[in-house]
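**Student:** Single-letter residue listing:
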Amino acid sequence: MTLKRIFFFLIPAAGAVFLIGLSAGRYYIPFIKVLKILFQPMLGFEKNWLPVEEAVVLNLRLPRVAMAAVSGMGLSVCGAVYQGIFRNPLVSPGVIGVTSGAGFGATLGILLFGWGIGSQLFAFIFGFAALLMTLSITRKTGGNAILVFILAGVVVNMFFQAGISFLKIIADSEDQLPSIVYWLMGSLSQTGKEHFYFTMPLIIISTLLLIAARWRINVLSLGIDAAKSLGVKTGESLVFILFFSTLAVSAVVSVGGIVGWVGLIVPHMVRMVVGTDHEKLLPASAIAGAILFMLIDISARIIAPVEIPLGVITAFIGTPVFIYLLVKSKGSWVV
Amino acid sequence: MLKVKTSPEDNNTAVIKVSSLSFSYGSGKLISDLSLSLMKGEILAVLGPNGVGKTTLLKILAGLLKKYSGSFKIEKEVSYVPQIFSTGVNYTVYNMVLLGRAGHLGLFSSPGELDREKAYEAVKKAGIEGLSDRKFSEISGGEKQLTLIARALASGAEVLLLDEPTSDLDIKNQERMLELLSELSLKSDFTIIFSTHDPSHALAVSDRSIFLGKGGISQCGATEEIITDENIKKYYSANVKVTKLEIEGKSLTYCLPIYNIIKREKV
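Chains A and B supply the protein sequences, listed in that same order.
Just add 13 to wherever you are in the first sequence, counting from 1, and you've got the numbering used here.
Just add 114 to wherever you are in the second sequence, counting from 1, and you've got the numbering used here.
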């Protein structure tokens, strides 16, 4: 399937889900009204809606749905990129420990400076540290690199999860703890307009840079030695890719918490349709990931009277999908 | 197939010049004080039993291993073709060849018209046009090897370093590979170094050969002079007869193994 055909299906779908995201929720607002509220500044519709409806759409839901789309885009592209450059179909930002590291860093940052850029910076630093830990454990071991890499990720994940538990203990149980616990399980309820100015552009730019390097990722997916012998500066490419992927993932985590599975399964599902070529895989994963994440966030808002954590929903969806993919591959992934 | 070229040991037009190269692995010496030079368009075969450093030598020349002593100089652009590897990715044969252009493209560039043309030329040169749209994982070992060579050709390299290009191939594909190597050297002046387990392959296409042995010993020279019964005995501890055969009007040299096998008497 050509990229144009894929976009022909995916982009309208993304637009539709975006509108559903703005209209659905405890306080239902019809599509037409949502569209009118959105385009009022440009087209000057007569304001025949309540101020509260406008506030819900523009101040509450718009940032949240946009953040969901951007998060899904970032996690899915990073997952596809990791699977490509590490030549390992089992990895994702969650599996190799980046999200846990970023979660730990963000929690630490929140305790020290409160929510904001400080916690985002810490998320990035510890996300990157987690990545380096997983990589260096793998490097020091020979044998089946695919499995060792996963095991190293498991260990690093456990380490940072323990760190997060420790921080929860010392957090103020009246004031800080509830919001931290809720956020860590995955929630976009804290998303606000302020995220339009820094966090979202950061994720979008990082993801677009990764997508721009998509052919280089094809080259790296042959293996470092092969890429080197083709005359590619592999060190520089890897540093660039790992830097911006960690930047995107840690920014997602610092706002939306730890949402696993998206980065693992979206690339696989997209690959079944478009194939392994990253020229198509990365752009298609970006949009598919955005759609999936928006759908998950909508479900979180409407399934139950209380908001369900995103991490819970992605695990419920991700586990069976992953088992299906694993069984379908007949175990060929790990040998 | 065989072409005769004089190649003086010390020549200013040498494309590859290796001077007292040594490489140690752990405590053992793998390569010790190795020197050789190769002129444009020449083929060098690297021979020796398993584990003596054939792949290591190629990887050093390809710039993939750094911890060697001594020096080497390669005047032209080099491309290294590893032994066939299993790969998680599954690109088409044409896209695989196109990846050979990587060295000419920046971090953010995708291949353009010129790159596509060069890749197509390389596909044609390697004789695999018919496979262009097939998946790399679905073609045979010989076809994979040809694809990897096409990828090296697409890179614009003029020096090819091939790690056992004929291993794992059936007889027909071995023949095809050897013909391709000699064609690349004769018609397009590629300088080629390849490692092989079969001295007959070296005799068929290479101008010069080098034996690598245990403990870092090595010996380099014109193929016909160096591939002898004695040297095979010395480096492989194997009994062979290197012999010239007149077949269909062509004079071909082979290295024939002498098996010491007692056969059951026929009843």
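These are computed hints drawn from the structure, not numbers from a lab.
A few of these clues could be false.
Stated by the list, open to error - Simulated pairs of lysine-lysine, DSSO-like, Cα-Cα distance not exceeding 30 angstroms: (1) Lys-153/A with Lys-143/B; (2) Lys-249/B with Lys-17/A; (3) Lys-239/B with Lys-293/A; (4) Lys-246/A with Lys-131/B; (5) Lys-143/B with Lys-293/A.
**Student:** Against each hint, give a clear statement of whether it holds in the structure.
**Tutor:** Going through the hints against the structure:
no. : hint                     : in the structure
1   : Lys-153/A with Lys-143/B : 23 angstroms, holds
2   : Lys-249/B with Lys-17/A  : 22 angstroms, holds
3   : Lys-239/B with Lys-293/A : 28 angstroms, holds
4   : Lys-246/A with Lys-131/B : 24 angstroms, holds
5   : Lys-143/B with Lys-293/A : 47 angstroms, violated
Violated hints amount to a single one, hint 5; each of the other numbered hints is respected by the structure.
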